[in-house]
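Asks: Sequence:
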Amino acid sequence: MIEELEIHGVGGIRETSLSFGGNFIVITGESGAGKSSLVRALEFIAGRRAQLNHIHTLEEACEVRAVMTSEPIPGISEKCQPQDKMLIARRTFARSGKGRASLQEQTVPLTILAHAMETNVVIQSQFAQLGLLDPLKQLELVDSCGGEELKRALAELEIAFTSALATEKEIFALKKRRKESENRFDDAPSVLRQIKALELKADSEAEWEKELREMERGEAVRRSLRLIAEKMNNAEGGLLDQLEKIAKDLYGYASGDDKRWHEAIEKTLSGAQELSNLISEACRGAASAEDNEEAKERLEKKLGMLRKMKRTLNIQSAAALLAYAAEAEKELEWLKESHKELEDLEKRALALRRETSRLAIEVRALRKASAQALAAKVNEHLGGLGMEYAAFNIEIEPLDRVRSTGAENAIFTLALPDQKPLPVGKNASGGELSRILIALQLSVGDDKLPGTLVFDEVEAGLGGKTALFAGCKLRQLSRRCRTILITHQATIAAMADQHFVVKREGENTEITEVAGEAREREIARMLSGDESSYEALEHAKALLENSGGEQLF
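Numbering (the working numbering), first residue to last: -9 to 543.
Quick caveat, the hints were computed from the structure, so don't treat them as lab data.
Careful: at least some of the hints might be erroneous.
[Claimed, not checked] Derived Cβ-Cβ restraints for the label pairs, each shown as a range:
#, residue 1, residue 2, range
1, T152, S180, 39 to 47 angstroms
2, D74, K337, 50 to 58 angstroms
3, S180, G208, 45 to 53 angstroms
4, K438, I351, 21 to 29 angstroms
The model shown is predicted, which means the values in this text are computed figures rather than measured ones.
The beta carbon of each residue, even a glycine, is placed where N, CA and C say it ideally should be.
Required output: the full structure, derived from the provided sequences and hints.
Replies: The following block contains the structure:
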């Protein structure tokens, strides 16, 4: 809770320092004195958005420092934690738009300051009544009163819902990847069979093309040799026959004593015969034309299959095709394995959906019980606030779909005499909303209350006995957490155990603690507008003497 508050340059306040010692503290002052400046200062140190028009007209910057008693705060560093239960928060903001926040004199982001202040200071104003109209805020209040069982069920529901959602996302992602893989590797089994049949290697295409070229070149050579052999050995005028005839003719012309003719003729015939034998041998040693054609067809077929696969898959080389095949084998294996994974995920998702539904039903039942208990407490307090004529209720409205927070909304309703229940926003006046807000604060558990609750004229619109009832309830609340009330109601101000007065002095707003006669004069002013009025002073003394208020309950 706040123990000390130092304000510099906020609104109409140039410099002031407040020390809080009471449980029920009131801030009073004439309209326009600057009470709103104190509220702005409290909102500023609580982490709300700063605005340039909040800075005093004669100052270049504003600063607020708060000293508080506080328990350890989850989510902040050790250096910023309370020391001996004391926490110091400070915040500055300049006209340049630059600001600084600190905890224990350690600079922190504004979000950290706001987080640290959540459990220490909460400011309720007439605008806070709007929170009563927000279904989410209403549901939060119901949940805050549900005890450990509802807290446990909500935590389990969030885990189950989040896990179910994450599993559904896994299923979606897995199905998407499987679809992509199936589309990409749709022809993979056929391709893999062909690659295996071809015994494909990275350099197979080049080797096969080379082999085919050599085969075609060898076939051309063999055709030439066969033609030559036919020309040499043709029975009808082949080259060998012609040479033999020529040799016979030459024998007739050769001189009997000149052996050179005979030797030359013999050599020619012998060489021609040897050449013919070599050609015949070459022709006999070569594969048959039929065998060559079959081998060529096999090569051309292999090349054709390879090129067709490349075209189909838009792949440029055999090496790339082999890389595709390796990837395809892995993907096909993954598709087999992921089918089982998909089945397991779908089973898990089904189990999580069932668990989420079960927990949602449990949460709804617990919320109904919490809503009923909270409504009963609120109605009890409303009776003490002069609203015994009204019936407050909390309806739990089912939703079509389960969320991480459940499958229902909470709707605060109010039934006035001879009227059916309607949402509080449609059926309650401003004064009734203020009293419902006070009743709700009184109804929640101590662990849900902050160290300090600040009420900014929430009793506005109330008067007479109703205002007195509201003051008594606020004093009752102050026994559970420090309660600061900015008020115009003298009857409520008289109940406080610490009283500050806000006054306007020129360009400055001053805040001073009053007691004794000074306090009597302030309450007299609040009663009649004249602090020196005898009747008002006597009335003020009577109010202060009888300020306990407990006898009303």
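Asks: For each hint, tell me whether it holds in the structure or not.
Replies: Taking the hints in turn, this is what the structure says about them:
Checked against the hint of 39 to 47 angstroms, the pair T152 and S180 passes, with Cβ atoms roughly 44 angstroms apart. Checked against the given bound of 50 to 58 angstroms, the beta carbons of D74 and K337, roughly 55 angstroms apart, stay inside it. Roughly 34 angstroms separates the CB atoms of S180 and G208, a value that falls outside the hinted 45 to 53 angstroms. A C-beta distance of roughly 25 angstroms is found between K438 and I351, which places it inside the suggested range of 21 to 29 angstroms.
Against the hints set out earlier in the document, a violation occurs for number 3 only.
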